[in-house]
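Protein chains: 6
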Amino acid sequence: MWLSVEKLVNEIKQDKPDPAAAKALQEGLGGQFGEMRTLMQYQFQNFNFRGDAKPFRDVVRAVGTEEIGHVELISTTINMLLDGSSTSSSTKAVDPDSLPLADALDGNGNIHHFLVAAQSSRPVDAAGNPWSALYVYDSGNLVLNLFYNLMLEATGRLQKCRLYEMSKNKTFRSTVSYLIVRDLAHEKVFAKALEVLGVNWGKVLPVPKVDTDKMPEVKALEKKNLHNQQWTFSKESQLGQIFKGESPFGDGEIETMDGLPDGFDVPVLPDREEEFAPGLDKDLKSKAQEIAGITRQQRAAQ
Amino acid sequence: MWLSVEKLVNEIKQDKPDPAAAKALQEGLGGQFGEMRTLMQYQFQNFNFRGDAKPFRDVVRAVGTEEIGHVELISTTINMLLDGSSTSSSTKAVDPDSLPLADALDGNGNIHHFLVAAQSSRPVDAAGNPWSALYVYDSGNLVLNLFYNLMLEATGRLQKCRLYEMSKNKTFRSTVSYLIVRDLAHEKVFAKALEVLGVNWGKVLPVPKVDTDKMPEVKALEKKNLHNQQWTFSKESQLGQIFKGESPFGDGEIETMDGLPDGFDVPVLPDREEEFAPGLDKDLKSKAQEIAGITRQQRAAQ
Amino acid sequence: MWLSVEKLVNEIKQDKPDPAAAKALQEGLGGQFGEMRTLMQYQFQNFNFRGDAKPFRDVVRAVGTEEIGHVELISTTINMLLDGSSTSSSTKAVDPDSLPLADALDGNGNIHHFLVAAQSSRPVDAAGNPWSALYVYDSGNLVLNLFYNLMLEATGRLQKCRLYEMSKNKTFRSTVSYLIVRDLAHEKVFAKALEVLGVNWGKVLPVPKVDTDKMPEVKALEKKNLHNQQWTFSKESQLGQIFKGESPFGDGEIETMDGLPDGFDVPVLPDREEEFAPGLDKDLKSKAQEIAGITRQQRAAQ
Amino acid sequence: MWLSVEKLVNEIKQDKPDPAAAKALQEGLGGQFGEMRTLMQYQFQNFNFRGDAKPFRDVVRAVGTEEIGHVELISTTINMLLDGSSTSSSTKAVDPDSLPLADALDGNGNIHHFLVAAQSSRPVDAAGNPWSALYVYDSGNLVLNLFYNLMLEATGRLQKCRLYEMSKNKTFRSTVSYLIVRDLAHEKVFAKALEVLGVNWGKVLPVPKVDTDKMPEVKALEKKNLHNQQWTFSKESQLGQIFKGESPFGDGEIETMDGLPDGFDVPVLPDREEEFAPGLDKDLKSKAQEIAGITRQQRAAQ
Amino acid sequence: MWLSVEKLVNEIKQDKPDPAAAKALQEGLGGQFGEMRTLMQYQFQNFNFRGDAKPFRDVVRAVGTEEIGHVELISTTINMLLDGSSTSSSTKAVDPDSLPLADALDGNGNIHHFLVAAQSSRPVDAAGNPWSALYVYDSGNLVLNLFYNLMLEATGRLQKCRLYEMSKNKTFRSTVSYLIVRDLAHEKVFAKALEVLGVNWGKVLPVPKVDTDKMPEVKALEKKNLHNQQWTFSKESQLGQIFKGESPFGDGEIETMDGLPDGFDVPVLPDREEEFAPGLDKDLKSKAQEIAGITRQQRAAQ
Amino acid sequence: MWLSVEKLVNEIKQDKPDPAAAKALQEGLGGQFGEMRTLMQYQFQNFNFRGDAKPFRDVVRAVGTEEIGHVELISTTINMLLDGSSTSSSTKAVDPDSLPLADALDGNGNIHHFLVAAQSSRPVDAAGNPWSALYVYDSGNLVLNLFYNLMLEATGRLQKCRLYEMSKNKTFRSTVSYLIVRDLAHEKVFAKALEVLGVNWGKVLPVPKVDTDKMPEVKALEKKNLHNQQWTFSKESQLGQIFKGESPFGDGEIETMDGLPDGFDVPVLPDREEEFAPGLDKDLKSKAQEIAGITRQQRAAQ
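Protein chains in written order, with my numbering: chain A, 1 to 302; chain B, 303 to 604; chain C, 605 to 906; chain D, 907 to 1208; chain E, 1209 to 1510; chain F, 1511 to 1812.
Treat the hints with care, as some may be off.
Which bits of chain B does chain A cover? Going by a derived footprint, with three or more residues having C-beta under 8 Å, they are [said to hold, decoys possible]:
1) 315–326
2) 369–378
Here are the simulated lysine-lysine pairs, DSBU-like style, with alpha carbons at most 30 Å apart [what the hints assert, rightly or not]:
3) D:Lys1120 to F:Lys1713
4) C:Lys889 to E:Lys1378
5) D:Lys1193 to B:Lys511
6) D:Lys1115 to D:Lys1141
7) A:Lys13 to B:Lys537
Computed Cβ-Cβ distance ranges for the label pairs, DEER-style [said to hold, decoys possible]:
8) A:Asn225 to E:Lys1378: 18 to 28 Å
9) B:Glu313 to F:Gly1773: 52 to 62 Å
10) A:Glu273 to B:Gly504: 27 to 37 Å
11) B:Lys584 to F:Asp1768: 54 to 64 Å
Honestly, the hints are just simulated from the structure, not real lab data.
Cβ atoms here follow ideal geometry from the backbone N, Cα and C, with glycine treated the same way.
All chains, please: the whole structure from these sequences, using the hints.
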């Protein structure tokens, strides 16, 4: 079982809507190396874990639980990149007669963001392909699973480093940078688990090797040591028996953190009439607000 | 964010392995109307929720968080139906020279359970098709989303009622029966949310209409009132502003329960040498056990 | 069996080619909530119908037969939006040396419209994903099927209302508006079938709630009462035993119309040399025309 | 537009249920060379037809309209092979305590026939893969389209000849044999259309070459000349300008038949309680029957 | 078995990077009628060949082996169209502060070329759909296989003729033109194999009929007679017993060439730091170069 | 370019047909970790290789070329397991009236082997899913690619070890055992390439760890040292600069072999009338044999 904690794991900066950036960021959500995949892969490895070695199971359980929050974080970021894009283009500012959703036809974005969803995220990759459970790897073999997970985190981080170079939008960059840091921490988790079984990584890891001096947002997060810490996202975890001591990449001390971080408020998306979302007419809206305990006065002010 | 609570939401009864039942039960896990889908559908509706009406968002958040635990429950049940099936057939009892995995070729099971996974669950349906994010529905429109979710729960329950009639295996039945009851509770959650917006369901719901006198395991769970309760799986939920009062199906009082149930221990699956899972040789196993804090004495006894 | 009637169900207005609009309109043809899906879903429910209640079977039979004509209508509309787009851009008017199909590389359109088809429709959605039979829902349960169909029509209509806001092209709008009206009629068909079984919809339907004062093309069609009528597309239908009396949405009288509407001529698409379509050389063309009974004189004039 | 004629194009013989045969026959419905594909391929070629040569367009229009009826025929045949299979096995005759749907776990059938559908057909192939619009071929080039269609019909017929050899069940055989004959007629339609453009087929066609002396059901249908006739399924067709004279395979005279054949009654499938299909309780059933004009007396007798 | 010969089958001209052209050319690589498909289709027909008629088997073996080299050629061409595109746009020339991969967000290209691959080819089509083995046709029937292969080559060539009209980029055109010529030769191979079995093609072939006077690059290759020759790509082939004499299209003499052509050097792609490809840091690069026998002096000069 | 050498890389033993084993072996051909995937993955990494380090490119080129021969080997093995299965079952020996293809309905096999192919191999996995290019991994990053390839070979070998335990059929075992040995060699190739870049594997590799004393067929092949050798499958390879010296797993000396092994004759599959494969009638067969240079006398004797 899991308990919902109504907080985001990181803060998302405000910036202008950017549907092209939203489309690109979908790779991190529904792509072959995105967060839906890490979530499902680690949970299947958790459910199907064989052998009485709880610390190794807790490796996939901890990271796999963090990933639910990453799915939430990246989905919310995409929403912030999309919301209001239908009314923000310069054309519209000039021409009051313009069509509310005309920008949806622009090929730089994903038309489904406007047509199927209501300016919000979709379980697809940056090219529009739906997420598939074919991606999920669980061989039952502990060493192979750890190898695959290490490679998976490194590939995810590689793609996020490429994303970083695609847009300077602050909403986009705040989440991309956070995931670059966390994917590095996850690389360390799996690399360490293999190290304690006997592998010496030499200098081939981490992948990719990046100069964070050129990535100020990433640098700032590393200063908080976020690339060396792993929360357990549980109260009974034995992760700390593995994730401790020197980093497997020889870049400092790693540490296991009990429980979960404080987090940040989950934003509330406004109504979008042009999307019929949530699409309540005056009558239904009034009922919904009554249930939500919003008083008549507040309602009148809206 | 979410917190992992290392408990199963329901108890799974012990019975003989049954790969054919395991294959069938995959529909409830990775099928179009299975738990991976409800989990993802409700979470996307949660992340993408528009409008300032928290109780309605908490509807999808609560049920969507319960579903993570359902994915865990059904995956674990499949594992129990598969584990040991390679060594349990009557032929093998007679013929010590028999092949460890010969039964994998039997067409009644899913060969991938043995060949790809190591006698454990897969993210596929009963016909072997991988789960696809094409299943996830989120229109942005509140009324449509609620309608779809209601229909989704009813279809899931319909399929579980059909599963119930396919096998008497107790491991299988304990989880199928639990989900029949919970799907009914979820039907009520979404039906109630539409009722408070103005729909009167008459007598068409619930679907399917079943005579639980012929389903003793289901009956026993309903006696605990599990078909009328919904936990919030959160500490800040406003679900109770919707889910209260009379059942939308006119069959009693419904109630919102704060937090989550006590739960049951998560079982530990044993090593399976014939599957090379976890596949550690003596040397690696010793290291793993050391890390897990298992003493040399215990290890010698294994 | 079915009989082909060589007419379109609605008239398609002439306007300039617009490949971006054509790409968007594919959602209505090959999308998850498009016409290929309604056609197949209703026909499977028709073929697999259980129980001796012909009027309910005739509900899916009538709408399912209308949908074949909608597939034809929307496919033909896409063709009109594509045909000639290769030679119509302003660049080409200026530069006689320009490439005939250079515009196919423009990301606002679907390159397959030019490269795979010959400036004509494809069985895919607006994002280019092929139609999949995974979309087809038939549970065997009458109430669930009706619920799903109602939700399906409402979602289709929701997407068409969004499409309406994406382009003012008259070819595009004439078909989109017609389908907004017909999807509303279909919503009523399924809502009424549930109403006669006991549901009272209150004010939650229809979805979406739109102000047709802002949609003049839609308004014009509603003046013809097209949103309250359902043809049987058959000579033996008992649809009228269900679809009669007050609209389930309280907006007037609904009526069953026997047979099918008069319809409009199916347009003939011209040759496109740059697409090698139909690609007949002089010799083969002559033979084809002879078979078609086109005289030498007419041929010489072409 | 199309008009529904409530008749089947051929009669389906009664025999025992046979889920394994039903599973195999799905290839003819939802397989890559099955009837859903021919239907969609010919209709897309019809909608997208270029050039003023109506007889060639009427080739795909006529056969493409016949195929809607073939989808109906084969779907209905599968239903007859499935219906009642849950209660017909010998075990059940002996053991009154047996499970209603236990046979669904038998690997020779398709479990989705019982679990997803209610002992009825699905839009999938014999291996359970969903039909995909990737199958649809329309190049815009007339000669290529005709070649592909010829090859498509021949491959469909090849597969049906293989199906013929898989089961002697009369329900199965009556439809398989009918389609062997009709696919041959369709091969002739496309071969003739290419012949009039200049190809001489020599002796390579038809494919496959079969000895119908060993296929009595096929022989009987050929005696009715069904392998040499093509209905127009329309009242305005110019098909006859192409499909006339000698068979392109040198085996007799071919002829175009105006309109459509007489047809046979569409069977009504009974309720299946164990499938909750249609799943109406006493109260709802009574309402449905009232609408269907079934009198109280008749109802009491059921 | 196969032996790698480290040469390209044709020379690729140098020109500017062009991601839109690269995206389009993917159809020829991973499209339904692209080279991955011809490779796999012919090899499966080769492996599964029935009957003691080696010359017919050698038809699919020879062309199927040539296709491996075509996959290499077209993949390399796409790489040359992509490589350096990240640093070549005019914006970047002006703004030194610009993002290295900003152009990846441009909808005219395929974002996966930059985000998943490192400015290199992908096994997908021009619309981004992954190649699927559903495309592979092998019926076991010799005549049908030959028909399908003929149609496959003609469709491939049709698409390449359309591609020719989409861009004048020389890198793009050199490969597209070469494939137009080779696909014609392959059409002849399969048409001839059917001709020797008795078909007379009249004047319907080849498809498409193109005026190569308007395609100078194609004309130049035809002057070398490349459209009438087929190498065996083997030393034991009996292809020559079929592919000899008059062209089946009546346009000259065809000839079988033993072995394989001389070929051209395979280009070496440079490092791309912005893609972290190959991503070696100074230390690892030095090791790699040492192994490659690159001396310290050379390395210092890089 | 590649040159076809008409030999199999290993000998396939004769044994009885076994469709269930054939179905299982498909995983090694068209599965996610089968030979079609290794072939395509390594070739894409070869084509897209960046950087001037030929020995590393030759790693993927050599193994990627060997894999074409593995696709051939495993496809041919499946054919031998299928061929004649339609006429070999014990029922048929007893009942001359039995149906030629009745066994195709047996759920232990893959019905497509009989219905779509003609008792021959298909590009699908053991569960019948078509091979997908989604499987192909190429990140552009050298270290990641090598890691993935190592994990891919280890997973392939794990699955083949599981297959080994599923059947004792000699045809099946001869190929499965060969691939267990070769996959181990390939594991060493990629592990060595990472070792020379600095990784020390300790004792975690190889995966899986198997006791070949219990696998006599594997043992026999290892005695020939096949698990320590890698052919270049090229005449210009620099593979030997990497693959030499001690095994990365500390189990002996590894060696690079120039060119390719001698190989074994490719078997010729007989006609299967019940499959209409190749399906030539007397007349066409005579023509085909004439072309093949088979004399009238030989033909008469057949």
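Cross-check of the supplied hints:
1. With 0 residues bearing a CB less than 8 Å from a CB of chain A, the segment 315–326 of chain B misses the requirement of three and the coverage assertion fails.
2. Counting residues of the segment 369–378 of chain B whose CB lies closer than 8 Å to any CB of chain A gives 6, so the stated coverage by that chain holds, three being the minimum.
3. Among the hinted pairs, D:Lys1120 with F:Lys1713 is inconsistent with the structure: their alpha-carbon atoms are about 65 Å apart, more than 30 Å.
4. About 34 Å separates the Cα atoms of C:Lys889 and E:Lys1378, which puts this hinted pair outside 30 Å; it is violated.
5. This hinted pair checks out: D:Lys1193 and B:Lys511 have alpha carbons roughly 16 Å apart, not beyond 30 Å.
6. At most 30 Å may separate the alpha-carbon atoms for a hinted pair to count; D:Lys1115 and D:Lys1141 exceed this at roughly 34 Å.
7. As the CA atoms of A:Lys13 and B:Lys537 are separated by approximately 27 Å, the hinted pair is consistent with the 30 Å bound.
8. For A:Asn225 paired with E:Lys1378, a C-beta distance near 53 Å fails the hint of 18 to 28 Å.
9. A C-beta distance of roughly 59 Å is found between B:Glu313 and F:Gly1773, which places it inside the suggested range of 52 to 62 Å.
10. A beta carbon spacing of about 32 Å between A:Glu273 and B:Gly504 agrees with the range 27 to 37 Å that was offered as a hint.
11. Evaluation of the 54 to 64 Å hint for B:Lys584 and F:Asp1768 yields a failure: the beta carbon distance comes to about 39 Å.
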